[in-house]
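Residue numbers (the working numbering), protein chains in the order written: chain A, 1 to 138; chain B, 1 to 138; chain C, 1 to 138; chain D, 1 to 138.
No lab work stands behind these hints, which were simulated from the structure alone. Treat the hints with caution; some may be incorrect.
Any copy, or any two copies together, can satisfy a pair, since identical chains are not distinguished.
[What the hints assert, rightly or not] Taking lysine-lysine pairs in the BS3-like style, the calculated list, with each CA pair at most 30 angstroms apart, reads: (1) K63 with K85; (2) K85 with K127; (3) K83 with K63.
Quick caveat: nothing in here was measured; it's all calculated off a predicted structure.
Number of protein chains: 4
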Amino acid sequence: MITIRDRVRFVETDLMAVVHHANYLRWFEMGRVAYLRAAGVALNDLMAAGYIFPITDVSCKYKNSAKFDDEFEIRTKLTNFTKAKMCFSYDIVRCADKVLLAQGKTQNVFTNMEGRITRLPESFFQKINALYSQENEE
Amino acid sequence: MITIRDRVRFVETDLMAVVHHANYLRWFEMGRVAYLRAAGVALNDLMAAGYIFPITDVSCKYKNSAKFDDEFEIRTKLTNFTKAKMCFSYDIVRCADKVLLAQGKTQNVFTNMEGRITRLPESFFQKINALYSQENEE
Amino acid sequence: MITIRDRVRFVETDLMAVVHHANYLRWFEMGRVAYLRAAGVALNDLMAAGYIFPITDVSCKYKNSAKFDDEFEIRTKLTNFTKAKMCFSYDIVRCADKVLLAQGKTQNVFTNMEGRITRLPESFFQKINALYSQENEE
Amino acid sequence: MITIRDRVRFVETDLMAVVHHANYLRWFEMGRVAYLRAAGVALNDLMAAGYIFPITDVSCKYKNSAKFDDEFEIRTKLTNFTKAKMCFSYDIVRCADKVLLAQGKTQNVFTNMEGRITRLPESFFQKINALYSQENEE
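Using the sequences plus the hints, can you model the full thing?
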């Protein structure tokens, strides 16, 4: 599990005085980017090599509302990984009291720049798979 | 089914040159607001009466990418409705060729301003239920 | 002046219960795109021809707050136009009572895909200039 | 000057492959919030006391493009401060090479919850003014 921390931005709130629900998908994305960085893969390098990684599925369950200025953790796990796709799960947790705010899942596939489904090349695969395997052994 | 149309904004794209996936949740929200408006319920009136309607679940499957300046339809159906909650489904369809871009589902519950679960009062319930019943008879 | 209409989205509000100020820049952008479309220039065609148009300056004065579900007009004028740059001004007006909500200005320059300053080619220039000249004669 | 650091989110990019210009206003806001926090004022406390602080003016000059995953600094200065208003200036600087990406200015006024112009109470004023004075002496 890779954990990063952030703080709720004013712009992320809505007139219900809580974080607008669409922002959690942005936080999941930050978690995903951090996970891959921890595995040694920068998305800029992946794109420079001709690969993109469109989202095909996302879901989120909202448990408690995040509010302006709250500090929160994004806890990201890779739950399924092949050369064709990667599935992540996420917990958003409020730092102050460790309350679970939201839980989500995403699936990305790998495509070339024209959007055709492709396979992740060995070099990138091995880096991500090393972290994925290590986590699943624990 | 209530249908509205809009056009992809430049700001809604990302560096993959397609609409960023989080924006579809904003479009679902617009569909939901339009559905309730068609039923005669303005969310501002609901909030003025002391009711809010937090999202508890959202999911989306992405089928094809929307691009900048594309015109699209948001087709919204109310799939489950009680005084405690409302479940909607959405199809996002590109106008030019009627290709399905994404399909989503959401669930809202009704709470008071303090976030406590409550029941929608009869006056609002009847308006929404009239449209819901009419659609399900068809 | 080219005018388009839209309606405030729920997601565009913040916890002050008004539209977050950054959203007006998105509305200006929509006005700009609509102006160029009215002149016969689609930004997608401009990009396909190898031109982009980064913003170099933006300013906005906020007069009155837009609220959720308000209908508003974006009134866009081209105030300065050469092959090197285009300057627009914008009025955001609430439809219900014609109250001015915000006034803004932007400047875009034209560059190639590598970001180097360039000149707009004659074909695009003439289309935009035709609308620009016609408006300034009025 | 109060400095915070952040990293460009994927969602903050647009199809020109750079950060969309509206996001800089969100970064300025983060800088403002951090400045006031450094002065001992949490915006949540200010709102709990019945004060809000709408933006009346914003401007930004864009110098160089921020890109996905760039680390950047938000350097915030309070340039004018009275019980009626606060004016900030901002530099957005890329961490890797200290290149200036954008420079901005904002003005906020203080109002009550109904939006009527008011004066900041002494307790909040003194905290912010202490940091403001200290910085201007240096």
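To see whether the hints hold, each was checked on the structure:
{"no.": "1", "hint": "K63 with K85", "verdict": "both (28 angstroms within a copy, 15 angstroms between copies)"}
{"no.": "2", "hint": "K85 with K127", "verdict": "within (15 angstroms within a copy, 45 angstroms between copies)"}
{"no.": "3", "hint": "K83 with K63", "verdict": "between (33 angstroms within a copy, 20 angstroms between copies)"}
Of the numbered hints given earlier, the model fails none.
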